[in-house]
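Place chain L on chain U using the hints.
Listed below are the residues making up each chain.
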Amino acid sequence: MNIKEAIKKSRAYLCMECGKCTGICPVSRFNHGFSPRVLVNKTIRSGNLDLLKDKNIWTCLTCKLCDERCPAGIEYIDLTLATRLEAQKIGEEAMCSHGGAAQSLMRIMTTPNLEQKRTDWLDKDLKVTQSGEVVYFVGCLPYFDVLFSDIEVNTLKAAKASIKILNKLGMTPVVLPQERCCGHDLLWGGDFENFKRLAEHNISEIKKAGAKKIIFSCPEGYRTFKIDYPKYFTCDFQVQHITELLSEAISNGSLKFKNFDKVVTFQDACRLGRHLGIYDEPRTAITSIPELKFTEMTRNRNRAICCGVSAWMNCSTYSKSIQLARLREAKETEAELLLVSCPKCEIHFNCAMKDERAGKDVQIETMQLVTLVAELIEES
Amino acid sequence: MVRSKKTTKPSHKNFEPKIVAFCCNWCSYPAADGAGVSRLQYPTNIRIVRVMCGGRVTPGFVLKAFELGADGVLVATCHFEDCHYMFGARRAADVHKITEKLAEMIGIEKERLKLDWISSAEATKFAKVATEFTEMVRKLGPSPIKKVATNNRNKIREGIE
Numbered sequence: 001m002n003i004k005e006a007i008k009k010s011r012a013y014l015c016m017e018c019g020k021c022t023g024i025c026p027v028s029r030f031n032h033g034f035s036p037r038v039l040v041n042k043t044i045r046s047g048n049l050d051l052l053k054d055k056n057i058w059t060c061l062t063c064k065l066c067d068e069r070c071p072a073g074i075e076y077i078d079l080t081l082a083t084r085l086e087a088q089k090i091g092e093e094a095m096c097s098h099g100g101a102a103q104s105l106m107r108i109m110t111t112p113n114l115e116q117k118r119t120d121w122l123d124k125d126l127k128v129t130q131s132g133e134v135v136y137f138v139g140c141l142p143y144f145d146v147l148f149s150d151i152e153v154n155t156l157k158a159a160k161a162s163i164k165i166l167n168k169l170g171m172t173p174v175v176l177p178q179e180r181c182c183g184h185d186l187l188w189g190g191d192f193e194n195f196k197r198l199a200e201h202n203i204s205e206i207k208k209a210g211a212k213k214i215i216f217s218c219p220e221g222y223r224t225f226k227i228d229y230p231k232y233f234t235c236d237f238q239v240q241h242i243t244e245l246l247s248e249a250i251s252n253g254s255l256k257f258k259n260f261d262k263v264v265t266f267q268d269a270c271r272l273g274r275h276l277g278i279y280d281e282p283r284t285a286i287t288s289i290p291e292l293k294f295t296e297m298t299r300n301r302n303r304a305i306c307c308g309v310s311a312w313m314n315c316s317t318y319s320k321s322i323q324l325a326r327l328r329e330a331k332e333t334e335a336e337l338l339l340v341s342c343p344k345c346e347i348h349f350n351c352a353m354k355d356e357r358a359g360k361d362v363q364i365e366t367m368q369l370v371t372l373v374a375e376l377i378e379e380s
Numbered sequence: 381m382v383r384s385k386k387t388t389k390p391s392h393k394n395f396e397p398k399i400v401a402f403c404c405n406w407c408s409y410p411a412a413d414g415a416g417v418s419r420l421q422y423p424t425n426i427r428i429v430r431v432m433c434g435g436r437v438t439p440g441f442v443l444k445a446f447e448l449g450a451d452g453v454l455v456a457t458c459h460f461e462d463c464h465y466m467f468g469a470r471r472a473a474d475v476h477k478i479t480e481k482l483a484e485m486i487g488i489e490k491e492r493l494k495l496d497w498i499s500s501a502e503a504t505k506f507a508k509v510a511t512e513f514t515e516m517v518r519k520l521g522p523s524p525i526k527k528v529a530t531n532n533r534n535k536i537r538e539g540i541e
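Sequences listed follow chains U and L, in order. Just so you know, we're using our numbering here: the first sequence kicks off at 1 and counts up by one. Just so you know, we're using our numbering here: the second sequence kicks off at 381 and counts up by one.
Pulled out of the complex, with its shape left as it was, chain U reads as follows (with noise of 0.2 Å):
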């Protein structure tokens, strides 16, 4: 698709130059030099080479929240997306965090025949199968809980809750030995022919062990497989958010909890809440737990601010800031923890706090939902 196309599609001619999108936009808060007014502009002016070049389009969160201000209607992370695509073409490419290594993973993966050994952390008590009807998608958090071993951070935690959950559910999963990464960074990144490489991969994958649902703890593996697979491949398997799947089972009655008693807050992830609608599952989980206090930031569902970097690109100051404004949003409701329901947003989030100059009063427990939902799962 080229930027011609992209501007019809997403109907960005329709743009009135209100500048909502850049009131609302949680990087023009902090980083004045950039607007998504000036830059749909631009696209629509020009759509050229000055266009591009432009740092600018790399900057974007793609958090979804100025399309949900627009009172146009106007698409604008298809029209970022469709403008990144082009812009890598002509050799243009993001700003990569942490040197690069996460987009040189994925990169990496694209290899066939890689023997990667990425189920070392299954332990006996969790229940796994070679081949069968579910998969669990675990996606890159093997990868990331030894790159952000350094802050801290502990994401194969968020793996493990969601394999015990459905093991309660009475559910034995597939975790793919060989699955790769699902190449939502790469898209997002403008690397069209790599995440190709990488979706092919997977869906072979899925189609050897035989599987007919996937299931994702991560809500930009979900993104990716529900949204943009279908877009570009033939893939014919269910796909659900382990949320979805968790308030189903709460308003059935199968699952019990223990009593928690402590005030949550909970983190709405962008991929999660505004791409894909799913708001209430999460706070049905939350809300079912005995005894807990559940308290809502001042901005939330459809209005939440993102986590501050996407797609491990351009992580700056910026990025910084709007992650110490989210946690001193959080911080006022008088919550204990913060749930959140994306392992990027926990590593944000923990990067942001383990700063120097943070200071005590952004200082939360972070946690992921379901770590906490299986941790609290009666014994029956």
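Worth flagging that the hints you see were computed from the coordinates, not collected in a lab. Honestly, I wouldn't trust all of these hints.
What the hints assert, rightly or not - Computed cross-link-like contacts, DSBU-like style, restricted to lysine-lysine with a CA-CA straight-line distance of at most 35 Å:
1) U:LYS160 <-> L:LYS519
2) U:LYS320 <-> L:LYS477
3) U:LYS256 <-> U:LYS231
4) U:LYS354 <-> L:LYS490
Stated by the list, open to error - Quick partial rundown of chain U residues pointing at chain L, CB under 10 Å, derived from the structure:
5) ARG107
6) ASN113
7) GLU115
8) TYR143
9) SER149
What the hints assert, rightly or not - A short list of chain U residues far from chain L (calculated; beta carbon distances all over 10 Å):
10) LYS9
11) CYS18
12) ASP123
13) LYS208
14) ASP261
Note that CB positions come from ideal geometry on N, CA and C, so glycine has one too.
Relative to chain U, chain L alone:
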């Protein structure tokens, strides 16, 4: 060395490994310089990238080298007590542990990665480490990572080769 037998196929007979060495500006790079000045022989498979400090080498550097087709990566820093920046060499050692774990998880043999401490006076040690490491990688055979090609990446590689 079961692995070396497995990977040494006839097609790899004349295999010349590509090795990227990250050398710190204050110790290992002068050591390499010294090796040249005193005419010590070491394999030409080593391609040196000078960094200001071994602590600057993040997992990203090493993985990028593998992504672009390196068969082995050597990180050479100062000895702990000689580090120009006090803590850099120690940081390099800490980061190297993370890199090793990542590499092993993604299917790159641990032996393709090496961290060593070479002071600026140890030109002979540099030549020895370079020779030994090259031989080790030669035994392992070509890297299991297929070169990753995109429009952009092709350009980068053309620049290297």
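Is the interface hint satisfied for GLU115 of chain U? The criterion is a beta-carbon contact with chain L at less than 10 Å. This hint holds: GLU115 of chain U lies near chain L, its Cβ roughly 4 Å from the closest one there, short of 10 Å.
Hint check: 10 Å Cβ-Cβ cutoff, ARG107 of chain U to chain L: Where the cut-off is 10 Å and the nearest Cβ of chain L is about 4 Å from ARG107 of chain U, the hint holds.
Does LYS477 of chain L sit within 35 Å of LYS320 of chain U, going by the straight-line distance between their CA atoms? Roughly 27 Å between the alpha carbons, so the hint for LYS320 of chain U and LYS477 of chain L holds.
For the pair supplied as a hint, LYS256 of chain U and LYS231 of chain U, confirm whether the alpha-carbon distance does not exceed 35 Å. 39 Å, violated
Say whether it holds or is violated: LYS208 of chain U keeps its Cβ farther than 10 Å from all Cβ of chain L. Non-interface label on LYS208 of chain U holds, nearest chain L Cβ at 18 Å vs cutoff 10 Å.
Quick one: work out the minimum CB distance from LYS9 of chain U to chain L and report holds if it exceeds 10 Å, violated otherwise. 24 Å, holds
Tell me if the straight-line CA distance from LYS354 of chain U to LYS490 of chain L falls inside 35 Å. The hint holds at about 31 Å.
Can the restraint linking LYS160 of chain U and LYS519 of chain L be considered satisfied, given a maximum Cα separation of 35 Å? Judged against 35 Å, a Cα distance of about 38 Å means the pair is violated.
Is ASP261 of chain U truly not at the interface, in the sense that its beta carbon sits beyond 10 Å from all beta carbons of chain L? 37 Å, holds
Have a go at the TYR143 of chain U hint: is there a Cβ in chain L nearer than 10 Å to its own Cβ? Given a least distance of 6 Å, the restraint on TYR143 of chain U holds.
Quick check for students: does the CB of CYS18 of chain U sit more than 10 Å from each CB in chain L? 36 Å, holds
Non-interface claim for ASP123 of chain U, where every Cβ of chain L lies beyond 10 Å: 17 Å, holds
In summary, the numbered hints that this structure violates are 1, 3.
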